[in-house]
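Visitor: Next come the chains, spelled out residue by residue.
Protein chains: 2
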Amino acid sequence: MLWRDLKAWQVYGANTDVGKTIVSTILCRALQRRASPNGLLYLKPVSTGPQAEADDRHIRQYVPGINSKCISQFSRPLSPHLAAKLDGDSSIPTSDASIVAQIKKLLSQHSQAGGRYAILETAGGVLSPGPSGSVQADLYRPLRLPTLLIGDSKLGGISTTISAFESLHLRGYDLDSVILFDDPEWGNHGYLQEHFSKHGISTLALPMPPARRDDPNEDEAVLADYYRECSESTTVTNLIDLLQQKHFSRVSKLTSMPSQAEAVIWHPFRQHGIPHNIIAIDSAYGDYFQAYNPESDPALSISASSPTTGLTPLAALPPTKPLLTPLFDASASWWTQGLGHGNPEIALTAAHAAGRYGHVMFAHAVHEPALDLSYNLLSTLQNPRLNRIFFSDNGSTGMEVAVKMALRASCQRYGWNKNDHDNDGHTPVSILGLKGSYHGDTIGVMNCSEPSVFNEKVDWHQPWGHWLEPPSLLLRKGMWELSLPDEMARGGGTVQKFDSLGAIFDFDARRDDAARYEEHIKTTLDSLVRQQGRRFGALILEPLLMGAGGMIFVDPLFQRTLITVIRSNPELIGSRVNSANESGVVDGSTGGIEASTNSQDWSGLPVVADEVFTGLYRLGRASSSSFLSSSTDTLPSHQPQSQVQSSLPASLSTAIAPDISVHAKLLTAGLLPLALTTASEAIFQTFLSSSKTDALLHGHSYTAHPIGCMVANKALAEYRRMDTDGTWDGFKQSWSASSSAANTTTTRSSISAISSPSSESSSTSSPPLSGTISPATNTYSFWPLHFVTTLSHHPRLDGCFALGTVLVLKVAADSGGSGYTSTASSSLQSRLLTLLDNEGCGIHSRVLGDIIYFMTSLTTSPEQVERLSKTILQALDER
Amino acid sequence: MLWRDLKAWQVYGANTDVGKTIVSTILCRALQRRASPNGLLYLKPVSTGPQAEADDRHIRQYVPGINSKCISQFSRPLSPHLAAKLDGDSSIPTSDASIVAQIKKLLSQHSQAGGRYAILETAGGVLSPGPSGSVQADLYRPLRLPTLLIGDSKLGGISTTISAFESLHLRGYDLDSVILFDDPEWGNHGYLQEHFSKHGISTLALPMPPARRDDPNEDEAVLADYYRECSESTTVTNLIDLLQQKHFSRVSKLTSMPSQAEAVIWHPFRQHGIPHNIIAIDSAYGDYFQAYNPESDPALSISASSPTTGLTPLAALPPTKPLLTPLFDASASWWTQGLGHGNPEIALTAAHAAGRYGHVMFAHAVHEPALDLSYNLLSTLQNPRLNRIFFSDNGSTGMEVAVKMALRASCQRYGWNKNDHDNDGHTPVSILGLKGSYHGDTIGVMNCSEPSVFNEKVDWHQPWGHWLEPPSLLLRKGMWELSLPDEMARGGGTVQKFDSLGAIFDFDARRDDAARYEEHIKTTLDSLVRQQGRRFGALILEPLLMGAGGMIFVDPLFQRTLITVIRSNPELIGSRVNSANESGVVDGSTGGIEASTNSQDWSGLPVVADEVFTGLYRLGRASSSSFLSSSTDTLPSHQPQSQVQSSLPASLSTAIAPDISVHAKLLTAGLLPLALTTASEAIFQTFLSSSKTDALLHGHSYTAHPIGCMVANKALAEYRRMDTDGTWDGFKQSWSASSSAANTTTTRSSISAISSPSSESSSTSSPPLSGTISPATNTYSFWPLHFVTTLSHHPRLDGCFALGTVLVLKVAADSGGSGYTSTASSSLQSRLLTLLDNEGCGIHSRVLGDIIYFMTSLTTSPEQVERLSKTILQALDER
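Residue numbers (my numbering), protein chains in the order written: chain A, 713 to 1591; chain B, 713 to 1591.
Hints are computed from structural coordinates only; laboratory data are not their basis.
A few of these clues could be false.
To be verified - With a cut-off of at most 27 Å between alpha-carbon atoms, the simulated BS3-like pairs for lysine-lysine come out as follows:
id : chain 1 : residue 1 : chain 2 : residue 2
1  : B       : K781      : B       : K817
2  : B       : K797      : A       : K910
3  : A       : K1169     : B       : K797
Note that the structure is a prediction, hence the values are computed from the model and not measured.
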């Protein structure tokens, strides 16, 4: 919560009984002298013990006329979590959300009424439990008010004061000042002053309060004198000046960040030649950014005369509008978020790794977090082929490693030398992939994608491969439409319809489709390899969903067929082995090389699954490759080496399991970069020899940095817990509501050839559709089926779909009124930033051309999804 | 400290007066029942207050016959930091190092004597200051003993107990158990038990101790009863069992890590076909790993029958040898270390960023840590050309970005299209660089280096450039020898000698050399560009020192000349602009394109400085490009935009300042990956247009992750503080001892042509050399000149040098006795792991072929360098 004019501070204590209320009283008296009538609010959100002893009563007594409020008052003098239980009064707010909402409401009202100051006093120590049992520093964290820590002036108080600071600091609080009584016996003030000055925090000593007198009147009189003297002292006056100045600095810094960024930052993927609104993110919590959006700041229109300096004339501004808006992070911060922003457990885990190791060398060395992560990832993926882990820093480098692995394996098997160029004259070996793929921004993996607007201007980009156009899916007017590409449909796009997601994944029922795909793949490969002499070294796929290429839902049957065709027909790829001449004659006998007795060995081509975006539960399952498995595939007899006993519902059959897979993004719960490339033993053995130069010569400085590994271990443990303990059952049920009846009768609608995919004249109606997926298949979305179905009928959309946490909307070209598809999606994106829901929250989303997408973290609640759904529909309905 | 048989625990209190001594007494009684006579040690390292009230006295009273020790006893009942000051008794250890050394000694003696258990009891709370003023959790951190936290059972104790845990946890401690009294009034135990179970930590309740009796005898009796009952209770017995089990698990995990790693990890840059000793790093602190080295473990020879399981029969092992050896991290963990491992300030900074943000989206957004870092880096570098910051994840991706920037700029200026290939048929534009360069492991930047054993097996590596062989320097027998490459020396290597580093950097006195270099560069470029039709798009340099390519000390005058020749003669590069035909005719008139009125604009070629390894004080200066500046260069009139007022001694002239520079490694103090690519406004403007596809389409998911940015801000602030506050003056003085006399008389020795660089017959003797560098030039090393000079005379070395924190030794081919140079350096490397100094520390170093190098962090002390120097000399002297 932040306003230009209302300055609110939260008072925390290093321990109970350190003088929070005494200091709060002094501050309130001092502030009241500066405030207009009703300009100061004292708020004690939670109080325990008899009313007569309550802190707000004390404040009212010694700060006459103060506006004082308490939200949750419990009668027993216990910790609030016990007092709340014993009181059992349901009229008193006890949930974290309700207390925070009450505080927001009271502060907003105070701001509206022209309030300039507020003091919020907590109860007990910084980590004393609130009524729900959450520790206070977590309970109040969404507000992230600037904080005053009342230090402990007694023996031992140095330790408790610094520890309390550390607990606040690791939760992302800004500590404005430490205040404690100057007890000369223990001298804590001097030590703490020096300690906190290193953190740029001032530490202030107040005189010890008077000893308690037996005579109540005398006691009251000396206390009143003490308060008067203290609150009028230079020390306190200077403190208030300092606090005000910190407030103004924060506001000034926040509001000037967008223009300061313009001067110095070269943003990723941004055309700086086009003006763009830059959002300043003050902090984040859970799924929300606390963001300053210059476009919604009335101050900016006032100070429009100096738009580039960003320095706004603070005094003249309307004070009542909050500067920060919570924005749901609907791109999951570029697809990384797993356990929420500012998660204190993750922060503490990161700190532990930093404190135990920092970073330590990983060449010829090992440490516990990296070793644990290696075993944990393998047991999470349940891929029967994989047993080796290579560490790097991000999805792009992880894919570079995968490419180096795969190309070496195939070049070695097929006897290709990098200095023999194939017929395109550029490179001895290239990639087989899909149109619309994207594998990262480094040049090597850019070369794994087909030419597109994303790479055409990169001077060293050379498309090294062939990319098949895949059949893709969209939900339109309640039906799943499968569009076949021109190259497969022979004259005009052909559209098939399915009445459920389950029908799409019912591969056994789709044998005709599989046969058609197989024929197309074989014909294509024959043409490329035998007729054109192309050499392929790897099959690279983003299983099920191609992300950066435009959020394309690929028919899983097509990817499955591609893998099985190549594995079953290695001669389609490797026919040139041992053929020393360049005649391109097929040497069928060399297929024998493939006939390895090791069923884990790769065949045809090493299959690389780029699961950077799609894996680790982004689509609802640990491994997105598992979507290509059929329930009738033979499951592996050997599970991979694993320390954790686990039986995950969606298994990967050996037949379609990739030989190499790459994982990043969600791997570290959305905290920091780390990537893992996993490989089969057969791939690993390709690099074994007695010569160092045959090794995989790749290794970034921070390879397997402990902080990333330890956070990833924590993230995987949390993900697996949620996958198995029912956390997501509500989402799953939305997609399987009537599955008990329909489950055994999954049928495919008849194939209907339609002249154009965009024709929507074929009327299939009656939403909402009933799903046909059993929970066991784990094919579901965090976005309820009825909502997605409703969207599929929306006139502003050209189709949509949802998989796991991802919701994708294809915005109709003419719906923006401008004719430009990207403008239509962008205007929806802009609108969602300012269309606030009933809790005052907007949505921060990303667009890709005519696609706008929304993504939750793995901890987003059904209630949050419902609020998002309402807002999205409301924005779509506006015209 | 870790032994197989001796189990030592450290007892911390959540606050003072929570019952540490009572619990310690109970534990000691329980342990003594299991231990042999003298098998248990109670150690109170620091105690304050009268002897009669001392904790060790209490223990001796209630645990009869116990072996009890106190290291530092102060008489006043105050916090140790005050008590130590007031006592002023110099015979009592007060420094952190002396207390830790005493503990190590006592525990080692205890282990030698067959001790099985030890309890160390701290004083006050976890962050109460020790005698030196350091907080205890920092003071004892190098030991990293498993910890028991005594919780606070009073009101407010939930908060202080959890905060105390968090303070220990972020310092990398392992907490084995929380123990507190079961005070039913406040019920802290139940809450804490639930809280800590989430961290896998057991929380134990003990009965409240008896109330104090007035009669001392009665008091003693009831207390004795209490101790007896407690120590024999099932609760405590189970606790001891648990603690022992945790100990054995830790030992078992540690010793089996190397073999477990063999089964699953694919190590970077490792040939897994060659057996190699894998070191298990338990933790790290300051400059040291705490490492388990299987080669030095006697248990492994006993259990040699099952080398692959790694499970060693613990019971049968010699118990007295410590399992962990402190190893100086002399590769600075692949050149990353800046402020020491396990630095609690850095850990807390990382935690704050994680708690405030996690990671937040950076596309079209900005946050404070990223914005601050952008300004801080620019003001640290003091490069007058740079004003834009692009974020990525590591040196390799940072260089990929730099290459994309530079190539676009030159292709745009010279009108080159990526689809026009130059005469080598591969690529329209290539790199001009130096032989021996290395810029990272992703394929794009691998293509920026010349063919070598490091990249020849990478199937997609295509060397796209020309690499000049640079003159390089080595200190041999007290003289700096400059070796000219064959391509410049015309028939036989020519060697020049300099009597000081200062003479090398006295560019004004080396005008003849500069002229010779200039002629060579011009001739080469003319041949490449005009005669062969090559197109160059960037000049890429690692200023002064080429790292991964073999630690080559490049003549700075050569790099300086290369930059100035290209900038002054753009027609050497860009003559083909506007020539639509392929005739290769020089079109001299197009030089006019270069004549920009903007002096910051690039000329000839964008100059890219790869400072990933060499920058940010690795070589003693903020920017390694500054080594190429001359003191007589005109300094820029405009300093870059900066928030910090600073006047750094080594400035970068506009004439040689790079147009793009890349920074990583030390950037985050050695904690986690982050890279910054900085660029000039002219480079930035190349990408401006109204089309999104012209933008720099690069951006990793965790771009500008706040945790990296905030840690980097902290690191830069610390580095700049040390650079200016005299921290490194001792090092600087070693290189300028007699500079006041010699400074103005820097002379160059006469050029002597010697038939072979390896000939060492020319006798120049009389070490130690006196340096001739004034501190102001900041050309110095952390390794003292006299030590480096001594090394230069060593018969096992073929030369050496030191720059900043880096010491490089070229090991003579025949000194290893095997004839293989790499074996000679590797055997020295192996020896240093087990050759322990007087504090029991070894050295963990890295080799590159016949080069072995040693690197300090930026906080390594002169005393540590001296210990390292002694060990290195001792190892060299062994034969």
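Visitor: It remains to establish, for every hint, whether it holds in the given structure.
Guide: Hints, verified against the model:
1. B:K781 x B:K817: holds (12 Å)
2. B:K797 x A:K910: holds (22 Å)
3. A:K1169 x B:K797: violated (68 Å)
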